[in-house]
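J.: In our numbering, each number is its position in the sequence shown, counted from 1, plus 23.
If you are wondering where the hints come from, they were derived from the structure by calculation, not from laboratory data. For every residue, glycine included, the Cβ atom is placed at its ideal position computed from N, Cα and C. Mixed in with the good hints there might be a few duds.
What follows is a set of in silico ranges between Cβ atoms, one per label pair, in the way DEER data are often shown [unchecked claim]:
{"#": "1", "residue 1": "Arg229", "residue 2": "Ala61", "range": "17 to 27 Å"}
{"#": "2", "residue 1": "Glu226", "residue 2": "His76", "range": "43 to 53 Å"}
{"#": "3", "residue 1": "Ile122", "residue 2": "Gln233", "range": "36 to 46 Å"}
{"#": "4", "residue 1": "Pro60", "residue 2": "Glu324", "range": "21 to 31 Å"}
{"#": "5", "residue 1": "Gly119", "residue 2": "Gln260", "range": "48 to 58 Å"}
{"#": "6", "residue 1": "Glu352", "residue 2": "Thr42", "range": "43 to 53 Å"}
{"#": "7", "residue 1": "Ile123", "residue 2": "Arg67", "range": "30 to 40 Å"}
{"#": "8", "residue 1": "Leu264", "residue 2": "Gln233", "range": "16 to 26 Å"}
{"#": "9", "residue 1": "Ala61", "residue 2": "Val181", "range": "38 to 48 Å"}
Cross-link-like lysine to any residue pairs, in silico, SDA-like; alpha carbons within 20 Å at most [to be verified]:
{"#": "10", "residue 1": "Lys314", "residue 2": "Lys361"}
{"#": "11", "residue 1": "Lys192", "residue 2": "Glu352"}
{"#": "12", "residue 1": "Lys314", "residue 2": "Glu341"}
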Amino acid sequence: MAKRKSKSTTIYDVARLATVSPATVSAVVNGTAVVSPARTKRVREAMAALDYHPDHIARSLKTGKTHAIGMVVPDVTNPFFPEVIRGVEQAAGKAGYSIIFVNSNEDPEQERRGLEALISRRVDGALIACCDNTTATFDLVSRRNVPTVFLDRVPLGVNAIRISTDNFKAGLVGTKHLIDLGHERIAIVAGRMDLSPHVQRVEGFRKAMQEPGIPVRDEYFRTGSLSSETGYQIGKQLLQLERRPTAIFCTNNKTLLGLVRALGECNVSCPDEVSVLGFDDFAWTENFHPKLTTIVQPAQELGRRGMEMLIQQIKMHESGEANPPSAYETVLLEAELKIRESTAPPPSVGLPASGSLAESLPR
């Protein structure tokens, strides 16, 4: 199609050029109905040829909808959340929604201000990964009657619609893997205990240790902020113990990086001397030698399904339907234990494995 441009181009001009009805153009633009691929292609080509851009402000004034979703995440530098965002964007794009992001930087007040700003922009709904376990954010969206789905980090003890990894099972399975290898001196480097995923992972860890009667030693149980520096400092403390652990389970990817650094500085061979089990799976997990054994969360699926759940909530909200009790149940997605090279039997069991994480660290 030859390109034409007009400041007064309307939906009727697009329909005429694409040889479809204005209703079909509206359905393509707004994602309100299923349109055949052939017709969708013609409409998109006509819009490009005419340089037509929908007036979202006028549309929102007419319909009361902005086709915008607010998304609050606690830390965009954590590699887990960009993967979640990718899944959200995939589902949102298919449904004709745009996403407005807020990064709370793990700050409850910044989370509140960001959420207030999103609500003032009249977003149709919100996806929220909380920065703590308090109910303040849930109370805010409830008061303002905003359709909301909580992702990954969810407020505990409230009737919220939420989706997360089955963190209890992930902690259980990961710890059992270490126990099955013959480890008993197992340390855990957990995150903040005011965050639901880390609370649940620790509960899974304790359950796995309890079943064979392995005690959780105080000096092997460490918690802290979600940072590489925390992992480094805790790692050094654990490795300098007179009776150091033979395996370390790190429940967060950022602290895992710090732990790996500590192993290198302390000249501790992994897994010959200490096995390491991490959480989350990104390109860098295979860049170490040996490659890291990790528990893999379905981050993109979590984002995609969370967005689909929110779309359903928005539709129910628009129709005036009340949420049935079953709608408040948490949706849990299974994590996968990806066994690589950083976990092996302890030094006293079987032959030592080859490789050292220290060798993979920059000098």
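J.: Check each numbered hint from earlier against the structure, then list the numbers of those it violates in ascending order.
T.: 1, 7, 12
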